[in-house]
Amino acid sequence: MATTLSTSPISVFPLAKKQSWARSFLNSYLARKVLKTLFTVFVVTTLTFFLVHLLPGNPIEQMVNQLVTVQGISPKDARDQVAALFAIDINQPLYLQYFEYLGKTFRGDLGNSMLSQGTTVSSIILKFLPWTIFSVGIGLLLSFTIGMGLGMLMAYRRDSWIDHVLTVFASIFSSIPDYLIGLMLIVWLGIQWKLVPIGAMRGSLSPGVVPGLNWTFISDAFFHGALPIGTYFITTIGRWMLSMKSSTISTLGEDYVTVARARGLKDSRITTAYVGRNASLPLFTQLAISIGFVVGGSFLIETIFVYQGIGASLGGAIARRDYTLMQGIFLVITLSVVFANFFADLLYSWIDPRIKLGSQS
Amino acid sequence: MSKSNLEWQQDSTQNQKPPLSLQNVYVNYGTRKGNVQAVRGVTLDLYAGESLALIGESGSGKTTLGLSIVRLLASTAKVEPGTIIYRRDQREVDVLKLSTSELRQFRWRDCAMVFQSALNAFNPVLRVWDQVLDTAQAHGWSDRTAVRERFLDLLKFVQLDPTRVINAYPHELSGGMRQRTLLAISLLLEPQILILDEPTTALDILTQRTIIGLLRRLKEEQHFTMIFISHDLAIAAELADRVATMYAGRIVEIGKTYDLFYQPRHPYTLGLIRAVPTVLGGFEELFSIPGSPPDLVNLPSGCKFHPRCSFATDKCKQQEPELEEVGERHFTACWHWQDVEKELELHPIRRGAAKHDALAQTTVEVR
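In order, the protein sequences belong to chains L and C.
Counting with the numbering used here, you get residues -1 to 359 for the letters of the first sequence.
Counting with the numbering used here, you get residues 10 to 376 for the letters of the second sequence.
Read the hints as simulated data drawn from the structure, not as lab findings.
Check before you lean on any hint, since a few could be wrong.
Coverage of chain L stretches by chain C, computed from C-beta distances (three or more under 8 Å per stretch; other residues unrestricted) [unchecked claim]:
hint	segment
1	241 to 255
2	268 to 280
Some chain C residues well away from chain L (every beta-carbon gap over 10 Å; in silico) [to be verified]:
hint	residue
3	R49
4	S67
5	E101
6	L105
7	R113
8	D143
9	A284
10	P303
11	S319
12	A321
13	Q328
14	L332
15	E354
With a straight-line cut-off of 25 Å between C-alpha atoms, the simulated SDA-like cross-links for lysine to any residue are [to be verified]:
hint	chain 1	residue 1	chain 2	residue 2
16	L	K264	C	D206
17	C	K106	L	Y154
18	L	K264	C	P133
19	C	K265	C	S297
20	L	K264	C	L81
Here a beta-carbon is modelled for each residue, glycine too, at the ideal position from N, C-alpha and C.
For reference, chain L alone in the conformation it holds in the complex (with noise of 0.2 Å):
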């Protein structure tokens, strides 16, 4: 077998050395994700300011005229108190106002609340969003994992009792809506069984816990944050279940795995390597667009349970019109949609090498 032969060099990569380094740069998926994702946040933060200064009945003349008319300070005064609050001066034009908007917002700073004087509204923002990370994190995590689990059994024990059981109860939770997914939990587990305290729960805290890396503080994060996570975990894991199970199927189907049984190769390592890794795929990129969903419904499930994240906050900001207070949560939503959509696309070029040939042609 060692006869040396005329080996015929084909081409593998015939495009790698002509390029210049700024081409080479800007045809590198890296950059061009950072590129799309820098340019989705700026016409984000575009977008923002003038939802808030162009929708019909602004905000900001609404702040004016209820300053004049209530508190009965006159109109400049009223101007200048508002300009303080929005952090932004609305004596000047429109386009001047849009980049010092710009200007702070890169800084971080997003103004102070129209209600808690004296608070900024990125202090609240940086309060607030932590907890939401850790519950819908947790969340997603768990339920993405199981979720992909339970489905690729599905997919393997086609057909049997078990594959229909789990497609029932994924059809169930994945059609649920989330609140209603939320509700239930506080009707049934917390009042007519008394499974949970209910009350002892809300909150994201226990009064007198501070944070810090003990087993108290996670204890009682865990538990105050249990059933956003468990919503959270029932209303998304319907949805993996079903992906998985249909893309594991058409996997299952495919010649590299049959080649791969015939290569004899143990079942651990093809279920791992060859059937979960390429079936796992497409969920990947479901799972960008459902943090997005997650954190704006957010919104819901932590007000239904009196969980102190950023869901909560934007509803209490909506009651209470807290325009300044929207305007950055709306920010801090979108942003986080915008940066899920990055990191996935990361993990997907880092799990699928086939994506960074796209960078090539």
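The hints should help you fit chain C onto chain L, whose structure is shown.
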């Protein structure tokens, strides 16, 4: 891994027992329409160092037979009755009775199957090297350096640039490169038997040449025991020692390559040979078998070929012929093989129609 293929072959010749014996193998698929009889009673011995070609139309049961040897049929398929005896050294096993782990060991190490459409034969998210290592490790060979060296040699043998291919992802390789890479992987564990299912289909004619050249070297230099499954008569003519024609799940004719192509005794084999076009020859002699392959759920009575056969008589409609010896190691299942012989005396196969023009790189899919 210690013995070379040649030594295996010598062992087998001393024992005079073929490494693979199929006895009366039936394969049925349960479908909604009914029972699909894909293979119906195939008995076949594959001798050490021999290369056997299975030819026939699509749906004649060639691939099903190949897959049943490595037991990779779909779960709806049933292989019974029948035995598939495999022999290596003093070991003799019925492949159909192997346990899951024994079967796993048998696959690739004893009997490797190179599949049709190598385009999708590789896991798209793993590098070629990872898949090679997977294969070696699955059979308890975990010395990475040794595996790597062995595989680099094999890549050289299949005329690929070893260092490039080994680190490439499958999508970075062309179809012909993937086919050759798969061929290289199939040789990794020095299997005793190599089954090649349509090894050149879907490749351009020059790449086909390369593959055929490689297989020829495997046969002539390494004395591999091989089964080719192909509807391309050119490959069969060029690479096989013996050829078996399959029709409706049965072997209807089997014999040495020369005999089968120049003195076919079954009307179906004759039809297949006459349907091969020549590159420069006119079309006057070109001939197609009328009708289409039989419905495997509702097979015709008697000889399954009778509705399409110009020699058919009432006897053919009632009784199915068994294989009958018509020459030295040449068997045919036809009531009228003598008529075929007479027909051939009147209209001999134009010399070269099957073989030499086939060598001139003609590929035809007989339908």
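These are the hints, each one checked on the structure:
As drawn, the segment 241 to 255 of chain L meets chain C at 3 residues by the rule of a beta-carbon pair under 8 Å; at three or more, the given contact holds. With a threshold of 8 Å between beta carbons, the proposed coverage of the segment 268 to 280 of chain L by chain C holds, since 5 of its residues qualify and at least three are required. Separation of R49 (chain C) from chain L is adequate, the least Cβ-Cβ distance of about 24 Å exceeding the 10 Å criterion. Against chain L, the non-interface label of S67 (chain C) holds: every CB pair exceeds 10 Å, the least being about 17 Å.
Against chain L, the non-interface label of E101 (chain C) holds: every CB pair exceeds 10 Å, the least being about 20 Å. Against chain L, the non-interface label of L105 (chain C) holds: every CB pair exceeds 10 Å, the least being about 16 Å. The beta carbon of R113 (chain C) is not kept farther than 10 Å from every beta carbon of chain L, the shortest such distance being approximately 5 Å. Under the 10 Å C-beta cut-off, the non-interface status given to D143 (chain C) relative to chain L is violated; the minimum distance is some 6 Å.
No beta-carbon of chain L comes within 10 Å of the beta-carbon of A284 (chain C); the shortest separation is about 29 Å. At roughly 27 Å, the least C-beta separation between P303 (chain C) and chain L is larger than 10 Å, which holds for a residue marked as non-interface. No beta-carbon of chain L is positioned within 10 Å of the beta-carbon of S319 (chain C); the least distance is around 39 Å. Even its closest Cβ contact with chain L, about 38 Å, leaves A321 (chain C) beyond 10 Å, as expected for a residue assigned away from the interface.
Distance check on Q328 (chain C): its Cβ is at least 39 Å (rounded) from any Cβ of chain L, clearing the 10 Å threshold; non-interface status holds. No beta-carbon of chain L comes within 10 Å of the beta-carbon of L332 (chain C); the shortest separation is about 30 Å. With a closest Cβ-Cβ approach of about 45 Å to chain L, E354 (chain C) is found to remain outside the 10 Å limit, as its non-interface label requires. Taking the CA atoms of K264 (chain L) and D206 (chain C), the gap is about 23 Å. The hint holds against a cut of 25 Å.
Taken as a hint, the K106 (chain C) and Y154 (chain L) pair is honoured in the structure, with Cα atoms around 23 Å apart against an allowance of 25 Å. With a C-alpha separation of about 19 Å, the suggested pairing of K264 (chain L) with P133 (chain C) holds against the 25 Å cut-off. Between K265 (chain C) and S297 (chain C) the alpha-carbon distance is near 24 Å, which keeps this suggested pair within the 25 Å criterion. As the CA atoms of K264 (chain L) and L81 (chain C) are separated by approximately 14 Å, the hinted pair is consistent with the 25 Å bound.
Hints 7, 8, counting from the list given before, are not met by this structure.
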